[in-house]
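Engineer: My request is simple: use the sequences and hints to build the entire structure.
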Amino acid sequence: MIKQHKALTVSVVVLVVLAGFGLINRYRRREFRA
47 MIKQHKALTV SVVVLVVLAG FGLINRYRRR EFRA
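In my numbering, the protein residues as written are 47 to 80.
Errors might be hidden in some of the hints.
[To be verified] Per label pair, the in silico range of CB-to-CB distance: (1) R74 / A53: 30 to 38 Å; (2) R76 / M47: 38 to 46 Å; (3) Q50 / I70: 25 to 33 Å; (4) V56 / F78: 31 to 39 Å; (5) M47 / R75: 41 to 49 Å; (6) F78 / V58: 24 to 32 Å; (7) R75 / A53: 28 to 36 Å.
Think of the hints as simulated: they come from the structure by calculation, not from any bench.
Cβ coordinates follow ideal geometry from the N, Cα and C atoms, glycine included.
Structural biologist: Listed below in structure tokens is the structure:
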């Protein structure tokens with residue numbers, strides 16, 4: 047059970063990090079255009 051919970055936590059963290067990078071890239075592109 048602990049292993050399963052750990053894997054789930056890691057998956058959620060990875061998804062959040064990827065989403066964060068996507069938002070940062072969008073914001074940077076917008077800034078460079080302006």
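Engineer: Hint by hint, say whether it matches the structure.
Structural biologist: Evaluated hints:
Taken as a hint, the range 30 to 38 Å holds for the pair R74 and A53, whose Cβ atoms sit roughly 32 Å apart. Separation of R76 from M47 is about 44 Å and conforms to the stated range, judged on CB atoms against 38 to 46 Å. Q50 and I70 have their C-beta atoms about 31 Å apart, which keeps the hinted 25 to 33 Å range intact. Between V56 and F78 the beta carbons are some 33 Å apart, a value that agrees with the proposed interval 31 to 39 Å.
A beta carbon spacing of about 43 Å between M47 and R75 agrees with the range 41 to 49 Å that was offered as a hint. Look at F78 against V58: about 31 Å separates their beta carbons, and that is inside 24 to 32 Å. A hinted range of 28 to 36 Å holds for the C-beta pair R75 and A53, which are about 33 Å apart.
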